[in-house]
Amino acid sequence: MPIKQLKPRRSELSLIIVAVVIVGAAYVLASLGRTASIPANVIPFTAIVLALLVAGHIGIRILAPRADPVLFVLAAFLNGIGYVFIARLNRRQAAAQSTWTMVGIAAMILTLLLIRRVRDLERYQWTLALVGVGALMLPLAPVIGRTVNGSRLWVRLGGLSFQPGEFSKVCFAVFFAGYMINKRELLASATWRLGPLRLPDPRHLGPVVLAWGGSIIVMTGEKDLGSSLMLFTLFLVMLWLATERPMYLVSGFTLFAAAAYVAWRQFAHVQRRVTIWLHPWNDPTGASLQIVQASFAFAWGGIAGVGPGRGDPGRIPEASTDFIFAAIGEELGLVGATAILAAYVLMIGVGLRIAIRSERQFDKLLAAGLTTILGVQSFVIIGGVVRLVPLTGLTLPFLSFGGSSLIANYIVLALLLRISDEQAQREFRQLNAAAPA
Amino acid sequence: MNSRIRRFGIVLIVLYLAVFAQLNWLQVFKAKAYTKNPYNNRETVRDFSQPRGKILTADNVVVAESIPTNDKLKFQRSYPFGPLYAHTAGYFSLTYGTDGVEGAFNDLLAGRTDAQQFANPLNVFNSNDRTADVTMTIRSDVQLAAQQALGDREGTVVAIDPRTGAVLAMYSNISYDPTLLASHDLPAVRKTRTFLNLLPAKPLLAKAFRERYFPGSTFKVITAAAGLTGGKVTVLAPIYPQAESYTPPLTTTPLKNFSGQTCGGALFDILAQSCNSAFAQMGVEIGPEQMAATASAFGFNEVIPFDLPGGARSVFPTADQFVQDTPKLAQSAIGQNDVQATPLQMALVAAAIANDGSMMAPYLVEKVVGRNGQILRGANVREWRRAVDANVARTLRQAMIGVVINGSATRLAIEGVEVGGKTGTAELGTNPPSAHAWTIGFAGPAGNPRVAVAVIVTAQPGAAEQTGGKVAAPIAQAVIAAVLATPDPLAKP
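Taken in sequence, the protein lines are chains Y and C.
Under my numbering, think of the first position of the first sequence as 1, with each following residue one higher.
Under my numbering, think of the first position of the second sequence as 1, with each following residue one higher.
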């Protein structure tokens, strides 16, 4: 007799209903706040949201039945709240965002379909490394590369614009995991001295440093500080987790501090960011307009917020992308902003729990790396918007407007679900094998 | 690896807690400071981008309204009559706040009172117009008559219905155009305001109730009231000696009559001639206690209750300030020395006498009507105080009617109407000679006055020869005529 199964999918379905109710209510309230009318399309809207989430649920039920039940719901909740705010800020972007949400959920299902075993990824680590580097460099290519807001991050092919950098993060996470697990013994053993530092054999460290250095150079060329910081943190955290050597963290952050100092001295755009962060009131209507308006928006929201649709977040430039958290802070207040923070913290918790539960080292490191992508990126952009750290242009995972970001994050989600499902299947088999027939 | 992952999780949680702490800093601790930051105009824009009720006159002329615009503020406050209602309706300015009805009735105009917000439970879900219109007691025809009668002379006109306290006209020259302060062109507003503040005539000040002047001879009415109330004076006695001056005890400096004339006689005669020597003597004989008591009874030394805040109190010395100072008492009895009164106060003096001694509290707002027609606030008709008893009031009325028939206020007379009055010329100096010219009065059907007025034309260099009777009385007469030109709204059919 098989052991009574846990039913993660049933919990997921009931949580989906809760998420749909919250998103539907937020949508109605935002419309009431703006135009004092219940939106005419509220029933089709709720139906579509429900259909999308149920489609994602069915996909997971078929392809990863034992995966964690909370992860997808958290993503859907953030995605839904993000959509409500995008719709409230910019109707045209809302139409695009709904398409991207569909594509994102489809990408999640497709990823689960293509990658049936985590082991498959391990085999393609080098291919993915190349894809990652290629994706990073793509915007630098002539003709198709585009510069938006001073950063060359965009590629335009046919009628479609996208940010390949969003996808390279995922590729690098897989590559780092594969490479570091393979070479962890060698990376962890210090055989080579450089002054006070004891470093592993450069032969083993080489490819990692190369990948990292290359990405940093590309990032500097593209003037994208956010992604640069993101990738560097991903690299350091994964190296530290794999080798359990704090030396990597110390030397890494020393290196980073030096690089940051050099960047601050050398690049006007870095200097400007730091000045805006430290002295926003020097030029509140010019250079610091965005951050000052964001602070005003948070202050205006107060504890309870002014209500969905009743604020004026349109004053903040880029309110629907990088600064969407300020719009939420204004209209939903400290309470709503804290709920969003809680959703990210939960997502990090679930991701790290998947990592801890996994028996395979590669799975473990990959899950931790993927969680780092979500957790650190969210922190860097939210911290920038609330002026805790210097502002770097990054999208807020699942919440911000933007197709590339949404699709890439749903792929991250799919990989976490795959790892979680595989481990649960493994445990289930072990339990059944141990149980008397 | 697991312990490292846990440690990493703790680091991430600490980072998110730091974000949470920073959110508290922004949304709780610094919320007020950021909202009041001069670069943050969310609050003002909220107030300005909402509809706002109209301000109307008693005869339904719109004197302030919000006109929809295409700019960010959505509405422009407009004052079609410019300076005419500036000191009553006030202004609504993005940079300088509010004044007048715009300020005192701000919440009702903006629809922010609980009665307006929660009149209908469905209001929570809609943004229906919840504003209210304020109807003033000012009559546009009387207000216009006051403006035209004053012309380009500096001064103030107040007209009151003595039976209710309703303010029928309240106008000061020079005034200002509130439209200029309500403009959305903020640098221009700042310039206008700076310019207005620099003018010595203080155009922004609602002088009718926020500025004090020497009342001069108009105060003799109160001295007469004190005499009649205390029983020291009757219509027949005493008969004051014909004299050019009066020298009070404790001094050798005589108090002279106006331009050296000789005058004296019984109450009606000395009031008609505005006889300084007789009234100075009367004040000294009445004594400090009764003088101070009657001045208080008329509302001196108190802020007059009114729909608009910031009223100045009129001043009469207390009884103990006259101890060992009969010259001060003599001067005070003819409205000099430390005596000061607002134009509204002097209008109320005339009104109380016209209304059998009962001084009604003046009011400016007739009603506030919500969008659905419900009256949110009615007129506040009540007696403020009893100035004198009815017999004294009737005697004073007869005396003042005499002043119009054969005294200093003949220019107040109107054919077929019973008009009473008193002029005043408060001399401020002799080199160069300058004086405030006053007239107070009442008028209406015999025995039933329906308007009381106070007019002051303030001293101006080069206007030395202005006396109350010559300068102020014709203005008061024009305003009274304007009031009486329309049928009495309180008359029983």
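Just to be clear, a hint being listed does not mean it is correct.
Facing chain Y, from chain C, some residues (calculated, C-beta under 7 angstroms) [what the hints assert, rightly or not]:
hint, residue
1, N2
2, P38
3, N40
Label-pair ranges, simulated between beta-carbon atoms [unchecked claim]:
hint, chain 1, residue 1, chain 2, residue 2, range
4, Y, T147, C, T95, 23 to 31 angstroms
5, C, P38, Y, L255, 54 to 62 angstroms
6, Y, V335, C, P489, 33 to 41 angstroms
7, Y, L255, C, A21, 27 to 35 angstroms
8, Y, R92, C, K191, 36 to 44 angstroms
9, C, D107, Y, R61, 38 to 46 angstroms
10, C, K191, Y, L255, 53 to 61 angstroms
11, C, D129, Y, A95, 44 to 52 angstroms
12, C, G378, Y, I38, 22 to 30 angstroms
13, Y, L278, C, Q76, 58 to 66 angstroms
14, C, T95, Y, F256, 46 to 54 angstroms
15, C, T95, Y, G286, 19 to 27 angstroms
16, C, D129, Y, G286, 32 to 40 angstroms
17, C, K191, Y, L346, 51 to 59 angstroms
Read the hints as simulated data drawn from the structure, not as lab findings.
Every residue, glycine too, gets a C-beta built ideally from N, C-alpha and C.
Structure-based check of all given hints:
This hint holds: C/N2 has a C-beta 5 angstroms from the nearest C-beta of chain Y, less than the 7 angstroms allowed. A cut of 7 angstroms between beta carbons decides the hint on C/P38: the least distance to chain Y is about 9 angstroms, and the hint is violated. Hint status for C/N40 relative to chain Y: holds, with the closest Cβ pair at about 5 angstroms, below 7 angstroms. Distance hint for Y/T147 and C/T95: a CB-CB separation of about 41 angstroms, inconsistent with the stated range 23 to 31 angstroms.
At about 43 angstroms, the CB distance of C/P38 to Y/L255 disagrees with the hint of 54 to 62 angstroms. At roughly 56 angstroms, the beta-carbon separation of Y/V335 and C/P489 lies outside the given 33 to 41 angstroms, and the hint is violated. Distance hint check for Y/L255 and C/A21: the Cβ-Cβ separation is about 29 angstroms, which falls inside the suggested range of 27 to 35 angstroms. Checked against the hint of 36 to 44 angstroms, the pair Y/R92 and C/K191 passes, with Cβ atoms roughly 41 angstroms apart.
About 57 angstroms separates the C-beta atoms of C/D107 and Y/R61, a value inconsistent with the hinted range of 38 to 46 angstroms. In this structure the supplied range 53 to 61 angstroms holds for C/K191 paired with Y/L255, their Cβ-Cβ distance being about 58 angstroms. Taking the beta carbon of each, C/D129 and Y/A95 are about 32 angstroms apart, not inside 44 to 52 angstroms as hinted. A C-beta distance of roughly 38 angstroms is found between C/G378 and Y/I38, which places it outside the suggested range of 22 to 30 angstroms.
Checking the proposed 58 to 66 angstroms range against Y/L278 and C/Q76 shows it is violated: the Cβ atoms sit about 40 angstroms from each other. The supplied range of 46 to 54 angstroms is met by C/T95 and Y/F256, whose beta-carbon atoms lie about 48 angstroms from each other. A beta carbon spacing of about 22 angstroms between C/T95 and Y/G286 agrees with the range 19 to 27 angstroms that was offered as a hint. Take C/D129 and Y/G286: their Cβ atoms lie about 38 angstroms apart, and the range 32 to 40 angstroms holds.
Separation of C/K191 from Y/L346 is about 57 angstroms and conforms to the stated range, judged on CB atoms against 51 to 59 angstroms.
Hints 2, 4, 5, 6, 9, 11, 12, 13 from the earlier list are contradicted by this structure; the remaining hints agree with it.
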